[in-house]
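For this one, chain E is given, so just place chain Z on it according to the hints.
Here are the chains, one letter per residue:
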Amino acid sequence: GQNIDQPTEMTATEGAIVQINCTYQTSGFNGLFWYQQHAGEAPTFLSYNVLDGLEEKGRFSSFLSRSKGYSYLLLKELQMKDSASYLCAVRYSGGSYIPTFGRGTSLIVHP
Amino acid sequence: DVKVTQSSRYLVKRTGEKVFLECVQDMDHENMFWYRQDPGLGLRLIYFSYDVKMKEKGDIPEGYSVSREKKERFSLILESASTNQTSMYLCASSGGTGANVLTFGAGSRLTVL
Chain E
1 GQNIDQPTEM TATEGAIVQI NCTYQTSGFN GLFWYQQHAG EAPTFLSYNV LDGLEEKGRF
61 SSFLSRSKGY SYLLLKELQM KDSASYLCAV RYSGGSYIPT FGRGTSLIVH P
Chain Z
1 DVKVTQSSRY LVKRTGEKVF LECVQDMDHE NMFWYRQDPG LGLRLIYFSY DVKMKEKGDI
61 PEGYSVSREK KERFSLILES ASTNQTSMYL CASSGGTGAN VLTFGAGSRL TVL
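Line order of the protein sequences matches chains E and Z. To convert, note that position 89 of the first sequence is 89 in our numbering; the numbers rise steadily by one, no gaps. To convert, note that position 73 of the second sequence is 73 in our numbering; the numbers rise steadily by one, no gaps.
Note that these hints are calculated values from the structure, not bench results. The beta-carbon is built from N, C-alpha and C at its ideal position, and this holds for glycine as well. One or more of the hints may lead you astray.
So the derived label-pair ranges between C-beta atoms look like this [what the hints assert, rightly or not]:
#, chain 1, residue 1, chain 2, residue 2, range
1, E, K81, Z, P61, 16 to 22 Å
2, E, Q25, Z, E56, 20 to 26 Å
3, E, G15, Z, A99, 29 to 35 Å
4, E, G15, Z, S65, 46 to 52 Å
5, E, G15, Z, K70, 46 to 52 Å
6, E, T11, Z, I77, 38 to 44 Å
7, Z, A99, E, I108, 42 to 48 Å
8, Z, L41, E, N21, 18 to 24 Å
9, E, S27, Z, F20, 34 to 40 Å
10, Z, R73, E, G15, 43 to 49 Å
11, Z, K71, E, I17, 40 to 46 Å
From the derived model, a few chain Z residues whose C-beta atoms are all more than 10 Å from chain E [unchecked claim]:
#, residue
12, R14
13, M54
14, Y64
To spell it out: a stretch of chain E is covered by chain Z in this simulated footprint if at least three of its residues, at any positions, have a beta carbon under 8 Å from a beta carbon of chain Z; those stretches are [to be verified]:
#, segment
15, 22-32
16, 102-110
Extracted from the complex, chain Z is given alone in its bound form:
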């Protein structure tokens, strides 16, 4: 039962290309997040969203933008990809009360040449 789906597992793009990473969740969660994961650096928050059409910057938003037009979908956009954006990108969602545990997608590994 897949709950957070990232559309692409592996992408290879060229420097300067525009890149879209799509994420869809089927748990009716309010909160959605984009992280990048790099060896030795752990998970770092890029952007998050608490509601439709709402977005907030995380710790490393430079070079990225996001879009949340529907509750279930949260897109990460690289307007002009650069080699230092080669990374694993993880989408997550959370909702409800209590601990607000994050449920992650399987990840999108992006290589920028």
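For reference, chain E alone in the conformation it holds in the complex:
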């Protein structure tokens, strides 16, 4: 398997910054996705990284290091509505190119 690892749960305070890490096997890497999923809802796309570096989208940023098999999602100025699961998914070349998902990180934002 591709062993995509991310923490099970994290907690943070409203207004703070939180970093959610994701590690994966590097062989055949072809892109990494982050999705957000609120309880009882569909996952929605947040970001896509295929090259090394930081991609910024408003309060959310995603970083990738291909050589280290490492990514993080950075959430700034946390809001209560950011309480959700964050799913890391990695696409590999060879086979079907379909992303494989990690188990997700449940983020709880406290007032």
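Structure of chain Z alone, referenced to chain E:
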């Protein structure tokens, strides 16, 4: 603007029943997928399809089959439901070039008694 629609949000079935889960997308996507999502296990791929009448097994196809007779519709079939198939089922589609981002439906929560 709903793009991926799953016909049933909640279903309760009995062991041995045949179950159909329907998914329709209006984005003219070539690719469609069925995942199941269980606590602590994340999203696992059951089946996918790259084209009409085409299907490929994912990571956990046992106990499931699929049908894609039209481009916009992808159905998941449980021939004889079992209690271990109680889960949240998510349909997704993707298409075009570039990242091929998945667009998910809202999910169908199936309980098998």
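Hint-by-hint comparison with the structure:
1. A C-beta distance of roughly 36 Å is found between E/K81 and Z/P61, which places it outside the suggested range of 16 to 22 Å.
2. E/Q25 and Z/E56 have their C-beta atoms about 22 Å apart, which keeps the hinted 20 to 26 Å range intact.
3. At about 31 Å, the beta-carbon gap between E/G15 and Z/A99 stays in the expected band of 29 to 35 Å.
4. With their beta carbons about 49 Å apart, E/G15 and Z/S65 fall inside the hinted range of 46 to 52 Å.
5. Range check, E/G15 to Z/K70: Cβ separation about 49 Å, and the 46 to 52 Å hint holds.
6. The given range of 38 to 44 Å is respected by E/T11 and Z/I77, whose C-beta atoms sit roughly 41 Å from each other.
7. One distance hint, 42 to 48 Å for the beta-carbon pair Z/A99 and E/I108, is violated here, with the actual separation near 29 Å.
8. Range check, Z/L41 to E/N21: about 20 Å between beta-carbon atoms, so the 18 to 24 Å window is met.
9. As the Cβ distance of E/S27 to Z/F20 is approximately 39 Å, the hint placing it in 34 to 40 Å holds.
10. Between Z/R73 and E/G15 the Cβ separation comes to about 45 Å, which falls inside the hinted range of 43 to 49 Å.
11. The hinted window of 40 to 46 Å between Z/K71 and E/I17 holds, with their beta carbons roughly 43 Å apart.
12. With a minimum CB-CB distance of about 24 Å to chain E, Z/R14 clears the 10 Å threshold, and the non-interface call stands.
13. The Cβ of Z/M54 lies farther than 10 Å from every Cβ of chain E, with a closest approach of about 12 Å, so its non-interface assignment holds.
14. With a minimum CB-CB distance of about 16 Å to chain E, Z/Y64 clears the 10 Å threshold, and the non-interface call stands.
15. Remark: the segment 22-32 of chain E is not confirmed as covered by chain Z, as 1 of its residues place a Cβ nearer than 8 Å to a Cβ of that chain, below the required three.
16. Judged by the Cβ-Cβ criterion of 8 Å, the segment 102-110 of chain E is covered by chain Z as claimed, because 3 of its residues qualify and three suffice.
Hint compliance for this structure: hints 1, 7 and 15 are broken, all remaining hints hold.
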